[in-house]
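Visitor: Sequence:
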Amino acid sequence: NMVGPAASTSATSATSATSATSPTEGYLQRLAHFDEGLYNDFYSLWVALMVVNSFIFLVGTVLNTVALYVFCFRTKPKSTSIIYTINLAVTDLLVNLSLPTRILLYYSGGACLTCSYLHTFSYFVNMYCSILFLTCICVDRYLAIVQVEASRRWRSSSVAKCVCVSVWLFAIVVTYSSLSTAFQHAGCCLSKLLFLTVTEFFLPLVVIVVFTVRIMWALADRRLMQQSRKRRRKAVHLLCTVLIIFTVCFTPFHITQVVVYFHPDMPHHVIVYHLTVTLSSLNSCMDPVVYCFVTNNFQATMRNIFRRAEAEQTSGDIVSMQHTVRPRPLSLLWKPLRLTRAVPDGTLS
1 NMVGPAASTS ATSATSATSA TSPTEGYLQR LAHFDEGLYN DFYSLWVALM VVNSFIFLVG
61 TVLNTVALYV FCFRTKPKST SIIYTINLAV TDLLVNLSLP TRILLYYSGG ACLTCSYLHT
121 FSYFVNMYCS ILFLTCICVD RYLAIVQVEA SRRWRSSSVA KCVCVSVWLF AIVVTYSSLS
181 TAFQHAGCCL SKLLFLTVTE FFLPLVVIVV FTVRIMWALA DRRLMQQSRK RRRKAVHLLC
241 TVLIIFTVCF TPFHITQVVV YFHPDMPHHV IVYHLTVTLS SLNSCMDPVV YCFVTNNFQA
301 TMRNIFRRAE AEQTSGDIVS MQHTVRPRPL SLLWKPLRLT RAVPDGTLS
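Going by this note's numbering, 141 is the number at position 141 of the sequence shown; the sequence numbering is gapless.
Keep in mind the hints are simulated off the structure, nothing from the lab.
You may find that some hints are simply not true.
[Stated by the list, open to error] Here are the simulated lysine to aspartate or glutamate pairs, DMTMM-like style, with alpha carbons at most 25 Å apart:
1) Lys234 - Asp221
2) Lys161 - Asp41
3) Lys161 - Asp221
4) Lys161 - Glu149
5) Lys234 - Glu149
6) Lys230 - Glu149
[Said to hold, decoys possible] Across the chosen pairs, the derived CB separations fall in these ranges:
7) Ser157 - Thr114: 22 to 30 Å
8) Asp265 - Ser157: 49 to 57 Å
9) His268 - Lys78: 45 to 53 Å
10) Pro100 - Cys162: 32 to 40 Å
Each residue gets a CB set at the ideal place from its N, CA and C atoms; glycine is no exception.
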């Protein structure tokens with residue numbers, strides 16, 4: 001065991017060796033198992049990321065489970081927007097269920113490679129499915145509000161189901177093939193990630209921006225009836241919410257991938273990656289805001305569920321009080337009047 005300057009020299013040489021080999025190791029491998037020095041220097045950051053991801057896991061799982069219950073069992077009929085929203089809730093729930101592997105990765109300091117691989121594939125597939133289903137919801141709202149007559153044949157449940165199956169297949173095949181190639185061949189890793197960023201983030205973002213502008217342009221037409229204007233205003237609120245989710249959750253992560261592609265030696269890019277990928281996980285907690293604009297009875301159904309739960313709790317409390325407070329016997333409540341008589345000294349006996 002070396003102490004003092006010898007240990008410092010050894011640690012410096014080890015760090016230099018790691019830095020020298022890291023470019024050939026591959027970008028995804030460097031993200032998967034960060035070195036011991038990086039883990040120790042930023043230990044409080046990894047603890048904070050574990051806490052944040054645990055919070056996202058709990059809140060997102062509850063919200064999306066309740067949303068699936070509402071859309072699957074309490075909402076009829078199943079319109080095209082409802083079908084897309086159900087698939088969006090499923091992807092968000094799967095994103096939440098992949099977070100424990102990320103938490104274990106942070107807890108182990110990058111030593112759990114199985115956790116890293118499972119999390120990378122499952123999380124990326126479901127994240128891009130979530131992006132594509134958000135895009136489908138926006139396109140569906142545009143067709144329903146702006147292209148009403150021309151889109152009747154395309155806005156059917158059978159077409160929506162075919163689109164959902166296509167989205168799942170596309171996201172799984174493209175993401176899996178790109179990530180598997182990136183893990184096996186370090187040289188093409190960044191190019192594959194850039195391909196995913198362009199096809200499954202920037203293109204959907206352009207589509208959402210274009211349709212948002214189109215609906216806002218149509219909303220400015222004063223010849224529209226008041227009811228139509230109200231529907232279109234609700235559609236604008238929906239698309240603006242989606243844009244906010246894209247901006248807050250997904251944009252920092254994908255911009256980081258582009259920057260790393262052109263500047264592979266960017267300092268602390270591993271830390272930036274884990275910060276932005278945690279930020280992208282917030283999408284699963286923010287998507288329930290989108291559900292409020294998709295269907296009119298979502299908020300009403302949620303209120304009825306909570307009101308019924310409160311009513312059942314109140315009735316249960318009343319029943320328990322009735323069982324606890326038992327009536328006293330009549331003989332204890334009524335006492336016969338005691339006859340008194342006067343005695344010579346003026347007292348009563």
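Visitor: Give a verdict on every hint.
Guide: The hints, checked one at a time:
no.: 1; hint: Lys234 - Asp221; verdict: holds, 15 Å
no.: 2; hint: Lys161 - Asp41; verdict: violated, 49 Å
no.: 3; hint: Lys161 - Asp221; verdict: violated, 33 Å
no.: 4; hint: Lys161 - Glu149; verdict: holds, 21 Å
no.: 5; hint: Lys234 - Glu149; verdict: holds, 19 Å
no.: 6; hint: Lys230 - Glu149; verdict: holds, 19 Å
no.: 7; hint: Ser157 - Thr114: 22 to 30 Å; verdict: violated, 40 Å
no.: 8; hint: Asp265 - Ser157: 49 to 57 Å; verdict: holds, 51 Å
no.: 9; hint: His268 - Lys78: 45 to 53 Å; verdict: holds, 47 Å
no.: 10; hint: Pro100 - Cys162: 32 to 40 Å; verdict: holds, 33 Å
Hint violations for this structure: numbers 2, 3, 7, all remaining hints satisfied.
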